[in-house]
Amino acid sequence: MKELQGPRTQLGRLEQSVRAELGSLIAGAEPLLAQVREGVAALFPEPGGTRLAPKDHEARHEELLQSMDELEEVLEALQLAARAGRSGPSTARKGG
Numbered sequence: 005m006k007e008l009q010g011p012r013t014q015l016g017r018l019e020q021s022v023r024a025e026l027g028s029l030i031a032g033a034e035p036l037l038a039q040v041r042e043g044v045a046a047l048f049p050e051p052g053g054t055r056l057a058p059k060d061h062e063a064r065h066e067e068l069l070q071s072m073d074e075l076e077e078v079l080e081a082l083q084l085a086a087r088a089g090r091s092g093p094s095t096a097r098k099g100g
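Everything in the sequence shown is counted per the numbering used here, starting at 5 for the first residue and increasing by one.
Think of the hints as simulated: they come from the structure by calculation, not from any bench. It should be emphasised that the depicted structure is a prediction, and the values quoted were computed from it without experimental measurement. Misleading hints may appear alongside valid ones.
Taking CB as the label site, the calculated pair distances span [said to hold, decoys possible]:
1) Arg90 to Pro35: 33 to 41 Å
2) Glu62 to Arg17: 35 to 43 Å
3) Ser91 to Gln70: 30 to 38 Å
4) Glu50 to Arg87: 33 to 41 Å
5) Ser91 to Gly32: 13 to 21 Å
6) Arg12 to Val78: 15 to 23 Å
For each residue, glycine too, the CB sits at the ideal point set by N, CA and C.
Let the sequences and hints guide you as you build the complete structure.
Next comes the structure, spelled out in structure tokens:
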């Protein structure tokens with residue numbers, strides 16, 4: 005069965021990649037990930053789900069974009085922290 009490449013699938017793949025990269029640091033992004041999940045679910049309901057009215061759709065779309073911008077910033081910071089954590093102990097051992 006061919007997997008659909010819809011927003012839900014793409015978000016799931018993004019989350020898998022982020023979890024693999026950040027490990028336990030993902031907890032710092034979880035509240036924003038939840039907001040993004042909710043936004044995607046509202047904008048792209050499952051088959052048979054309730055679609056938003058155009059005005060509500062536009063408002064939710066704006067909220068989703070804001071959440072995704074915030075998420076991007078948080079993920080970048082967490083990625084830097086994860087990389088620093090991975091290189092920190094090995095650097096300390098080399099110097100000692």
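Each hint tested on the structure:
1. Arg90 to Pro35: 33 to 41 Å: At 24 Å between Cβs, range violated.
2. Glu62 to Arg17: 35 to 43 Å: Roughly 26 Å apart at Cβ, these two residues miss the hinted range, so it is violated.
3. Ser91 to Gln70: 30 to 38 Å: Check passed, 32 Å falls within 30 to 38 Å.
4. Glu50 to Arg87: 33 to 41 Å: Holds, since glutamate 50 and arginine 87 (Cβ atoms, about 37 Å apart) stay within the stated range.
5. Ser91 to Gly32: 13 to 21 Å: 19 Å, holds
6. Arg12 to Val78: 15 to 23 Å: 21 Å, holds
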